[in-house]
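From first to last, the protein sequence lines stand for chains A and B. Note that this note's numbering numbers the first sequence so that position 273 is 273, with each residue one more than the last. Note that this note's numbering numbers the second sequence so that position 225 is 225, with each residue one more than the last.
Keep in mind that the hints are not guaranteed to be accurate.
Any copy will do: because identical chains look the same in the list, a pair fits if it lies in one copy or spans two.
[What the hints assert, rightly or not] Listed next, the in silico DSBU-like pairs over lysine-lysine satisfying Cα-Cα at most 35 Å (straight line):
1. K105 x K295
2. K162 x K225
3. K189 x K76
4. K257 x K212
5. K162 x K55
6. K202 x K74
7. K295 x K110
Calculated from the structure, these hints are not laboratory results.
Protein chains: 2
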Amino acid sequence: MNILVVGSIAFDTVETPHQSFLDSPGGSALYFSNAASFFAPVNVVGVVGEDFDLKVIDFGKNRPINFDGLYTEKGKTFRWGGRYYDDPNKRDTLFTHLNVFENFKPEIPKHFRNSDIVFLANIDPDLQLQVLNQITDPKLVVTDTMNFWISGKRSALDEVIKQSNIIILNDEETQQLTGETNLTRGGQKILEMGPDVVVVKKGEHGAILMSKDSYFVAPAFPVQKVVDPTGAGDSFAGGFVGYLAENEGFEDSELRKAIIYGTVVASFCVEDFSFRRLAGLKKEELNKRYSSIKKITTY
Amino acid sequence: MNILVVGSIAFDTVETPHQSFLDSPGGSALYFSNAASFFAPVNVVGVVGEDFDLKVIDFGKNRPINFDGLYTEKGKTFRWGGRYYDDPNKRDTLFTHLNVFENFKPEIPKHFRNSDIVFLANIDPDLQLQVLNQITDPKLVVTDTMNFWISGKRSALDEVIKQSNIIILNDEETQQLTGETNLTRGGQKILEMGPDVVVVKKGEHGAILMSKDSYFVAPAFPVQKVVDPTGAGDSFAGGFVGYLAENEGFEDSELRKAIIYGTVVASFCVEDFSFRRLAGLKKEELNKRYSSIKKITTY
Numbered sequence: 001m002n003i004l005v006v007g008s009i010a011f012d013t014v015e016t017p018h019q020s021f022l023d024s025p026g027g028s029a030l031y032f033s034n035a036a037s038f039f040a041p042v043n044v045v046g047v048v049g050e051d052f053d054l055k056v057i058d059f060g061k062n063r064p065i066n067f068d069g070l071y072t073e074k075g076k077t078f079r080w081g082g083r084y085y086d087d088p089n090k091r092d093t094l095f096t097h098l099n100v101f102e103n104f105k106p107e108i109p110k111h112f113r114n115s116d117i118v119f120l121a122n123i124d125p126d127l128q129l130q131v132l133n134q135i136t137d138p139k140l141v142v143t144d145t146m147n148f149w150i151s152g153k154r155s156a157l158d159e160v161i162k163q164s165n166i167i168i169l170n171d172e173e174t175q176q177l178t179g180e181t182n183l184t185r186g187g188q189k190i191l192e193m194g195p196d197v198v199v200v201k202k203g204e205h206g207a208i209l210m211s212k213d214s215y216f217v218a219p220a221f222p223v224q225k226v227v228d229p230t231g232a233g234d235s236f237a238g239g240f241v242g243y244l245a246e247n248e249g250f251e252d253s254e255l256r257k258a259i260i261y262g263t264v265v266a267s268f269c270v271e272d273f274s275f276r277r278l279a280g281l282k283k284e285e286l287n288k289r290y291s292s293i294k295k296i297t298t299y
Numbered sequence: 001m002n003i004l005v006v007g008s009i010a011f012d013t014v015e016t017p018h019q020s021f022l023d024s025p026g027g028s029a030l031y032f033s034n035a036a037s038f039f040a041p042v043n044v045v046g047v048v049g050e051d052f053d054l055k056v057i058d059f060g061k062n063r064p065i066n067f068d069g070l071y072t073e074k075g076k077t078f079r080w081g082g083r084y085y086d087d088p089n090k091r092d093t094l095f096t097h098l099n100v101f102e103n104f105k106p107e108i109p110k111h112f113r114n115s116d117i118v119f120l121a122n123i124d125p126d127l128q129l130q131v132l133n134q135i136t137d138p139k140l141v142v143t144d145t146m147n148f149w150i151s152g153k154r155s156a157l158d159e160v161i162k163q164s165n166i167i168i169l170n171d172e173e174t175q176q177l178t179g180e181t182n183l184t185r186g187g188q189k190i191l192e193m194g195p196d197v198v199v200v201k202k203g204e205h206g207a208i209l210m211s212k213d214s215y216f217v218a219p220a221f222p223v224q225k226v227v228d229p230t231g232a233g234d235s236f237a238g239g240f241v242g243y244l245a246e247n248e249g250f251e252d253s254e255l256r257k258a259i260i261y262g263t264v265v266a267s268f269c270v271e272d273f274s275f276r277r278l279a280g281l282k283k284e285e286l287n288k289r290y291s292s293i294k295k296i297t298t299y
């Protein structure tokens, strides 16, 4: 199966306790497609400014990423700046310059409209709905969002959630969306909003997968030195959705394995800044770390 | 195998967002022994005041707990007061009245000195050393501690850790003891201090078991309504040590199962206040929840 992703493409400026990185390529669509392309073909829709050259990004060899939906507009590319702390679950946004992203209206190229799986990365829910209106009978819709849209565009977001099969959120977003501090109760409330499956990411504490009939707890891989947490969530989603596309099944047993592959890709992503670690990565390294996680969870 | 526990016996006053409980029986030695006695015989050493009547506590039927080491002194029993919030990992201590516990010098009854496993609950490390000096060639020493002793009695604590086989700490204590925010690196530093195994408890995020050759991540059981978190850590330790005693083996595969049984007992403990939930609990309920945890972690 192939995957369509619609999301941001950005230059990220990142400060960590140990290093700073200025204007590294980033954004949800790039992290997602990079991660998912280990498993299946990915069609990208997004917008960049004239200052962005796709050629500077190393996506590794022969990864099936199709950039026919990448639009270049007059002006600058979206820029995000953030600061991380010793606690990798803590993050401050220093600035957000939307630039060309401000007027982005996703137009899905005709040959992308029958993609099998759609991943709606964290963008304005009104745009997410525009995407859903353009695509033809997808087999699976997976959606991400963030605090900004939960508080600012709630009714559009509710409609997106209703039309999605799988929602991926972090713990804080789950609490914000449902008013529940208990993530299990929060997840159940989200299921009542329409989707079949909810995935709650808990950073270094792993992730929970919930559906009406199933509950699965996945650990994080114990990364000893997190260099740059940027993109962890999107590469998690990329590994998760990529595995589902590769294996062409969405039943509970596949979803569980997909969560572990998402965990694996995210754990590599944070080991270096921007796409550095993902670029040179091989599929067998992913499989090896998958086995390592099996070892640390089996009893 | 049988177990010796030396720890506190207390009256707890607990405030939660929903309820308050005044002077409920508690303390590390009672929570631990209550939990461990589902699996193996437990010998308790501790001190109470004249206001404490063991008969008011319901430990369930025929649990093998030996109170020959319970000393009654003139004065009042140790009292602790705490407040919990909607986030069950957050806790404030409102008061600590040591009372008879202030002059406690643990004297291990002769027939307790050859207990197979020793659990040093969270008490002054000088007293923990006094216990270790009185016992005869234990097969396993398991030790708990807290922030107060890490900052206030570091050299005695280091000696206790050196003489212990297994250290059980929570995430904050691990960070405080090692200066490492990364729990994996923190755990490795503790292993370098002498013990064979470190268990790091992460509350609702589960626990990690680390040794030189092994790393195991256990989830928490998703309790939907936490009534009173008091005693969760000590009942976790009780289930963990109890299982090891029952199965008479300390190899990695047994340690992993023991962590899950610790998780199981702790998850029941917090479902009601004081010992209410543990009192009426049956072994088959423990086994059933063990299977539930297997289901939510298998892929």
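Hint by hint, here is what the structure shows:
In this homomeric assembly, K105 and K295 never come within 35 Å of each other (Cα to Cα): the closest approach is 45 Å inside a single copy and 44 Å across copies. Taking identical chains as interchangeable, the C-alpha atoms of K162 and K225 lie at most 35 Å apart only when they sit on different chains, with a minimum of 27 Å there against 38 Å within one chain. When the C-alpha separation of K189 and K76 is checked against a cutoff of 35 Å, the pair qualifies neither within a copy, at 40 Å, nor between copies, at 47 Å. In this assembly of identical chains, the alpha carbons of K257 and K212 lie at most 35 Å apart whether taken from the same copy (18 Å) or from different copies (28 Å).
Taking CA atoms no more than 35 Å apart as the test, K162 paired with K55 passes in neither setting, with 38 Å inside one copy and 56 Å between copies. In this assembly of identical chains, K202 and K74 lie within 35 Å of each other by CA distance neither inside one copy nor across copies; the values are 38 Å within and 49 Å between. Within a single copy, K295 and K110 get their C-alpha atoms no closer than 45 Å, and across copies no closer than 43 Å, so neither meets the 35 Å cut-off.
Of the numbered hints stated above, those contradicted by the structure are hints 1, 3, 5, 6 and 7, listed in ascending order.
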